[in-house]
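Letter by letter, the chains look like this.
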Amino acid sequence: MRTVAPVIARRNDEADGALIGYLPVGFPTLDESVEAAVALVENGVDILELGLPYSDPVMDGPVIQAATQQALANGFRLSHGFEAVRRITERVAAPVLIMTYWNPVVQYGVDRFADDLAAAGGAGLITPDLIPDEGADWIAASDRTGLDRVFLAAPTSTDPRLAQTIDASRGFVYAVSTMGITGARADLDEAARTLVGRLQAAGAEASCVGVGISTAAQVAEVLGYAQGAIVGSALVRALAEGGVQAAGSLAAELARGTRSE
Amino acid sequence: MALRAQTGPYFGDFGGRFVPESLIAALDELGEAYSLAKLDPAFAEELAELGRSYTGRPSIITEVPRFAAHAGGARIILKREDLNHTGSHKINNVLGQALLTKRIGKTRVIAETGAGQHGVATATAAALFDLDCTIYMGEVDTERQALNVARMRLLGAEVIAVTSGSRTLKDAINDAMRDWVTNVETTNYIFGTVAGPHPFPEMVRDFQKIIGEEARQQVLDLTGALPTAVAACVGGGSNAIGLFHAFLDDADVRIYGFEAGGEGAETPRHAATITKGRPGVLHGARSFMLQDEDGQTIESHSISAGLDYPGVGPEHSWLADIGRAEYRPVTDDEAMQALRLLTRTEGIIPAIESAHALAGALELARELGPDATILVNLSGRGDKDMDTAAKYFELYDEENAK
Ligand SMILES: Cc1ncc(COP(=O)(O)O)c(C=O)c1O
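Chains H and F are the protein sequences, given in the same order. Numbering follows the UniProt record's numbering, with no gaps: position 27 of the first sequence is 27. Numbering follows the UniProt record's numbering, with no gaps: position 302 of the second sequence is 302.
The hints are simulated quantities; they were obtained by calculation from the structure and are not laboratory data. In this text the structure is predicted, and so the values were computed from the model without any measurement. From the three backbone atoms N, C-alpha and C, an ideal C-beta is built for every residue, glycine too. A couple of the hints might just be wrong.
Stated by the list, open to error - Have a look at the derived ranges for each label pair, beta carbon to beta carbon: (1) Q217(F) / A201(H): 56 to 62 Å; (2) R324(F) / E205(H): 56 to 62 Å; (3) E42(H) / K38(F): 54 to 60 Å; (4) L36(F) / R91(H): 56 to 62 Å; (5) A5(H) / L154(F): 53 to 59 Å; (6) E263(F) / G224(H): 35 to 41 Å; (7) A66(H) / R278(F): 25 to 31 Å.
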């Protein structure tokens, strides 16, 4: 199984850390989302985070909301998520995580979802609205299948909650950089650095920072203290405005942030 | 265990906290503040005093024989939450949560609203307690409940018309949650119904259960017996659980929730969540919801903005699951006919939401026969619905009609 930990370790050896790129499946079309994901990897993205469009995405800002609403209007189905994972992993070596709100997994069946994701070649799940406290089914299914499970940690999480999150996560812990929803921000919060420090002190092997990162300079800044940097809205915007080519160019630019001079 | 003793986070298989980790600290803080407040007699006294001197509690009950005569003569008794300050039951919950906001030291409140009644109540409490206030309301609802938008703005609240998704209540909740995630340090989310993540279903129920506690005694005083059945409309379910709760352990009292059947529960255009949905996770809780095969929420439809919601509170899902309460759909037209009938026979203009319960009560009266007594929660008054009613019944003069 192609999981994320070895890639994060390797990129922290040979560079400053890993670059993780987010794109929604089915935007602007299923084919173009596959092409764009492949282009990200070819331009230096180390790990892909594929979002499944969902009707009520409470963690997402306007750019990702607009993209996923369009994908839903175009007829996105859950089966397209597995298809995209299969087509992407056939062409590039990077691990592919699925980012999904919880209800689609519940309706598909947690075990069936895990089996089909593993069969498609996926690495695991990022679950923005599932906390470990409610995640017993998924923890069991991912233990059985070997899939990664990425839970979120927030600046407001207490120490006992951080310990629980580290314990429940496999692959990395998703450190939410700031209080807020997805979307590019000019200034990254000092909160991210503090949170990653707390996660490391509590024994996290890998913390990757997401929400608000949009430039190579921000990637470099984050990789100064974290093991990975996650970019979402900026890539989605590039894809929306300039197509696959523009998304690839932005990925190449962001990847420069993984190597300090 | 007594059914009334049930608390969150889980009601049977339903409830929980399916939210981003970023909100957990705020939910914990609110839950702890509420647990402490519950044990503090000063909190209960302050809330009761606001009920007496601000809301107008206890609200009266009114027997409506001319209305009941249209359904075979059972006794129908209304619990008059429409007479509360701001015009609905929503104020009961808002005053409780506003007091809690003060206790946890936050200076700004946000809320979602469908019909605008919860938004008006929240804006009212914000004015009373000197809090900044932002209300999220679906764009569709800002149009059909324009009077309430004006009321909220006059009260000093900022009203944001939500343009994402179906542009109704569910999308207003999404945007309010996004605001809360971002501004949680200064902001408390005053949630308007018994849905959402723990502690909201339990806390909002506790602030609303005074409806049933008062009404149970009032009906006993009036008739010498408990009612045969209690009935309420169900959007998220706060007025319904507020009425039902006091009767949960009265095994002889039948409990009925009436959902918005829209153009018909057999059509795709309805909001009959328990009747037609299946369990899933929406807005932070596991409960019945309207969804497609992939778990995407299906847009609901109802003539009544306050019932136009594809989810329902977890305690109702549990009561349906264990068979303690029965949930049935009432169509747009049945509700509008009941609205007109109550208005013409009793001189009481109900909210369209509450009219669903009235239509349900007519149905129950026919089923249960003339010896039955049916207690109905009249959750709100119809002022906000005059434009909808005027168009529905063609009451505008031709040249003024748009
Ligand atoms: C008068 C009235 N009744 C009922 C409702 C539905 O809410 P709930 O089901 O939480 O009582 C509303 C909501 O806006 C309302 O304004």
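A quick look at each hint next to the structure:
no., hint, in the structure
1, Q217(F) / A201(H): 56 to 62 Å, "holds (57 Å)"
2, R324(F) / E205(H): 56 to 62 Å, "violated (49 Å)"
3, E42(H) / K38(F): 54 to 60 Å, "holds (59 Å)"
4, L36(F) / R91(H): 56 to 62 Å, "holds (57 Å)"
5, A5(H) / L154(F): 53 to 59 Å, "holds (57 Å)"
6, E263(F) / G224(H): 35 to 41 Å, "violated (59 Å)"
7, A66(H) / R278(F): 25 to 31 Å, "holds (29 Å)"
The earlier numbered hints that this structure contradicts are 2, 6.
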